[in-house]
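With the sequences and hints as input, model every part of the structure.
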Amino acid sequence: MSGSERIPLSRREGGSKVLPELASILYQFGTNAAFLLLSALGLIVILGMMNIINLAHGEFMMLGAYVASFAVHRGIPFPLAVILAFFATGAFGIVLERLVIRRFYGRELGALVTTWGISLILAQGALLLFGPYMPPIPIPGGAVSEGVFSFSVYWLILIGISIVLVVALTLVYRATPFGLQARATMQNPSIARSLGIRTGRVYMLTFGLGAGLAGLSGALLAPATSIAPFMGQQFVAPAFITVVVGGGANVIAGAVGSSTFLSLIETPVSLTLGTFYGTMALLVMALLIIRVLPAGISSLGARLRPAVAR
Amino acid sequence: MTDSENFPASPGEIEPAQPSAPCSGGPTRRGLIQGAAGIAAAGVVLARPNIVRAASETPVKVGFIEDESGNLSIYGIQKLHAARLAVQEINDGYTLAGGPVGSGCLGTMGLYSPTPPTLTSGPGAKLNIINDGGTPSEHAIVTADTEEILIPSGEKGLLGRPVDLVSSDGQSNNTLWQQLARRMIQQDKVDVLVAGFASAEREAIRPIVDQRKQLYFYTNQYEGGVADGYTFCTGAVCEQQVIPVMQYMVEKFGPKIFTIAANYNFGQLTAAWVRSFAPVLKAKVIGEEFPPLEVSEFSSVIAKVQAAKPDWVMTLLVGQNQSNYYPQAAAAGLHLPMASTVNMAQGYEHKRFTPPSLANMHNAVNYMQEIPTKRNQDFVARFYKMFPNDPYLGQMAQNTYFTIHLYAKAVRLIGTTDQEKVRRTLEAGWAIEAPEGTVFLEPATHHASHYIRLAATDEKQQISFVREWPMIEAWWLQRLGVNLVRHPEHKQYTPQEDPFFKMFG
Amino acid sequence: MMRMLQLLNGPHDLGRGRGFWSGMVLLAAAFLAYPTIASSFSATNVAYYLLNIPMALGLSLLWGYGGVLSFGQVAFYGIAGYTYGIVAGNLQDFAWGTEAGVLAALLAAGLSAAAFGYFLFYGRVAAWIVPILTLVLALLLATFLGLTAGYQWRVGDIQLGGYNGMTGIPALQIGGLTFQDYAFFYLVVAIVAICYVALRIWVNAHRGQVLMAIREDVLRTELLGYDVRLEQLRVFVIASVLAGVSGLLYVQWGNYITPSAMGLQQAALPVIWVAVGGRDSLLAVAIATFLLNQLTYILSSGGNQSALVIVGALLVAVMMFAPEGIIAGLGRLHWLHWLRARRRAVPSGPASSGK
Chain A
0 MSGSERIPLS RREGGSKVLP ELASILYQFG TNAAFLLLSA LGLIVILGMM NIINLAHGEF
60 MMLGAYVASF AVHRGIPFPL AVILAFFATG AFGIVLERLV IRRFYGRELG ALVTTWGISL
120 ILAQGALLLF GPYMPPIPIP GGAVSEGVFS FSVYWLILIG ISIVLVVALT LVYRATPFGL
180 QARATMQNPS IARSLGIRTG RVYMLTFGLG AGLAGLSGAL LAPATSIAPF MGQQFVAPAF
240 ITVVVGGGAN VIAGAVGSST FLSLIETPVS LTLGTFYGTM ALLVMALLII RVLPAGISSL
300 GARLRPAVAR
Chain B
0 MTDSENFPAS PGEIEPAQPS APCSGGPTRR GLIQGAAGIA AAGVVLARPN IVRAASETPV
60 KVGFIEDESG NLSIYGIQKL HAARLAVQEI NDGYTLAGGP VGSGCLGTMG LYSPTPPTLT
120 SGPGAKLNII NDGGTPSEHA IVTADTEEIL IPSGEKGLLG RPVDLVSSDG QSNNTLWQQL
180 ARRMIQQDKV DVLVAGFASA EREAIRPIVD QRKQLYFYTN QYEGGVADGY TFCTGAVCEQ
240 QVIPVMQYMV EKFGPKIFTI AANYNFGQLT AAWVRSFAPV LKAKVIGEEF PPLEVSEFSS
300 VIAKVQAAKP DWVMTLLVGQ NQSNYYPQAA AAGLHLPMAS TVNMAQGYEH KRFTPPSLAN
360 MHNAVNYMQE IPTKRNQDFV ARFYKMFPND PYLGQMAQNT YFTIHLYAKA VRLIGTTDQE
420 KVRRTLEAGW AIEAPEGTVF LEPATHHASH YIRLAATDEK QQISFVREWP MIEAWWLQRL
480 GVNLVRHPEH KQYTPQEDPF FKMFG
Chain C
0 MMRMLQLLNG PHDLGRGRGF WSGMVLLAAA FLAYPTIASS FSATNVAYYL LNIPMALGLS
60 LLWGYGGVLS FGQVAFYGIA GYTYGIVAGN LQDFAWGTEA GVLAALLAAG LSAAAFGYFL
120 FYGRVAAWIV PILTLVLALL LATFLGLTAG YQWRVGDIQL GGYNGMTGIP ALQIGGLTFQ
180 DYAFFYLVVA IVAICYVALR IWVNAHRGQV LMAIREDVLR TELLGYDVRL EQLRVFVIAS
240 VLAGVSGLLY VQWGNYITPS AMGLQQAALP VIWVAVGGRD SLLAVAIATF LLNQLTYILS
300 SGGNQSALVI VGALLVAVMM FAPEGIIAGL GRLHWLHWLR ARRRAVPSGP ASSGK
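If you read the sequences in order, they're chains A, B and C.
Take 0 as the starting number for the first sequence in numbering that gives the first Met the number 0 and just add one per residue.
Take 0 as the starting number for the second sequence in numbering that gives the first Met the number 0 and just add one per residue.
Take 0 as the starting number for the third sequence in numbering that gives the first Met the number 0 and just add one per residue.
The hints are simulated quantities; they were obtained by calculation from the structure and are not laboratory data.
Keep in mind that this is a model prediction, so the values were computed, not measured.
No false leads were slipped in.
One side of the interface only, derived from the structure: several residues of chain B facing chain A at Cβ under 8 angstroms:
id: 1; residue: S72
id: 2; residue: E296
id: 3; residue: Q305
id: 4; residue: A306
id: 5; residue: S322
Glycine included, each C-beta is placed from N, C-alpha and C at the ideal position.
Spelled out as structure tokens, the structure:
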């Protein structure tokens, strides 16, 4: 129903137009995937490592954006503000974990309801404290053009940053003592504890890391959004879909796989049929994937390489 | 009640009731003016005896529902504060100039202008020369800008009673809206209900309003078409905004239009207006895109616009998520001229987004706080004196403000808050001097004519008003033959019911 | 009949014995008498607090008794509401039009739940995915219905109405009686009472026991020869039909429904009611639903901007300090004291009066 007139993509006068269109499709695909991945990153860390569905995830992103906006408008350069947002939101996450979340280990559904309550408090609290919006952050970088299309440099950087983040996360979990302890705790907390790993500390740091990553993503996406109390809601649905499709076997690989896969579906559909069908395709695909691969895309990798999957 | 109330003007500046005087030229309809004055005079006679018996101390209750929390609070709080200002002014003994004028037209404004409108050609007074909206013409109409619109009402409060604003928070939740509307009508027994931001909220409470025959004002700009005997819509509608802005854009930038509209009622219907009126203006909609309200990442929309190469883009985006389009498009190097009917005037995007996201944006608005006229700057000063920390005073807030004053004037004239009688009184056809300019409430359709200005932003997102239309009627329901005075009905028309729109799909 | 009464008085909910049931009868009588002292506005308002109870009871059954959390019960609430609006709206002029609407609405809720539940339970998805997928279903429906603004989205004479919703939904008529105002209030009270009694019998009967066994240990229940998938699907359908009952009553109440009835905010509400009340007690859930609906209304009608903060804080506090739920916690405390007192008084026999 939407869009009675659509622009046929294939309307080309000559072969020289192919390259720009290819670049445009790649760019759209990249931004879609980066958006999904950034939305989901913090959620994935907390869910994958602690089995807690954090419904306040969107509000953590909002906090990150608020911190960044606050910092930028006090003269702090944007990259520094993003790092500040990471640490501030991470610290907030740690406090929250100590005060509230720690009571819910082993009671996942309880945690789900509690984090929903926290999200209500944070969003409406931000409205009451800071008013209906925060001053915006200008989008850094200009645009590069290719044929009729032009692309935002900042989004290109974001695509790069999301790749860097995934690599860094993988390294943290594979190559650091914390990563080892975290993986041990995730696989079997009681054995980990008996081996002398302070699982409480691991959980605390993991929650802090997840919250910090959400804050970081919020700050990174802040220039492209309006910074407002209820901005978190827009990230919740894409983040959850990415996580569900990714599955829990290997959360990081799952997230990369599912954000790539979902944007592979969404980009061509929205390009040819319109944004509405793109969104619908995303949701329907998520349902289908769950039916075919109940444990998510990452289970595919686990099946192929059972020994290295974790 | 004083005469200056019924023949409002800055007190002492004009003698009341000189019906033929203002029509000394210009496109006025003398007969109508005289008729209007006749009704107004009758109003004086009717009103006087009532004053004597109205001395009760029970307050007049103005029911008010807006979203003070939740997603839409950015608009709701503005409206609430404007309503508080209006109620405060009524209680302090002030009213806006204006009065019943009959069926009305542009010329009726002469009734309370210090100088009558005249037709001149060539250069005139700077501020008052207004292009008539189309191609530059020989003639220009000079309208007078009544300097002082806030005048003493002759009493503190309303009919000797204080006015109470009974306000509730709808929390952007339709069910709560229904509950609150019922409470206002059945329990608080409000004398008038002023409520509603989103069309969904209005549609949620309208059945309740109709069932209880409640006098109801909807003060928002919206997609148009509500024909309801108990509802008065005082905001601007499609025909008042879409066509002027398109006219200007086609003339200035070219005929190829790309529409990006929110995929819900307002966006779809407004896009239908754009599509259908493009051929009339010798323009063409070369592409349309309807992103859902939930979408907040716009790279594919931007690519489509770039591929289509329009002369300008019509953006009918609604809500927090969708306003992300602007910074994203600017960052992607899409710097086409933009037009809209929603942005800036309500959600002050030009203040919230850093330049150049909202640069080169055009919107036909009936109000923005930047309007430079003295009457508006006085109003803005009064508002910020009462609410110094508010971020913006927008279109819907102004509509709410003059609507509450308009209600008070009607009550004062008929001398009772009886809802049926107040409704009939409002159906006399009223002009009121709002901060935007003169607003005329049309009896047959319960909609208002507005003073429309084309607001344009520069590189730094500073507003300037590049063209003005002193009065545009809400003519579409008239075209459909709606006459609520003679044939009460309770429905919302859609463009599909008009054969004109069918021609364009 | 005796068997039914025994089941009704069974142990899997708060409150047993003669004293308790006398109290319940009194409560029902109080509700029935309420319209004699209340204005039609108050009665309609109280009816609204009550009409959400069937959905909450369904979720309590699913989550508290069955251990399956659904975050998207509002999807079936909406499906029933919209279906009734379409069917009853089109058949308005026929004698049994509204009744046909009721039937169609409940069928639609049940069938769609069965189809969706098949994906969930026969796909054996992990427990934590169910809430997310049900939420996605609700959001999907809300998104889809929000896009049906155009004139072409019509079923018969009824427009779906997009984001602005479907208006003018007719009230239920039986013979010459239209259920509005007081009549609607009685209808709601009756339906809530029936739902509560029926569910209480159900959880104490064999199927209920199986359900609780699944909650405690899926594998063991399966080894005992029960088809866990079928049992979960069955209870999911029951819960969804109950959500449909609430949806039906809601459109009777407001003559109106919008896609936002299935939005993110609304989706969370049933979970909040059930969690605050105490998910494994039907009675506690019913009470909490009633009180929380009233609380939300009172907070917001007072123009209080912190309503959402208060609801959120309440939720966090309950989950932290009374994870069994406030009402259920209080109730258990009370019955425990009562039992102890009784045991001391009559040392010879067990205190239960039912079994």
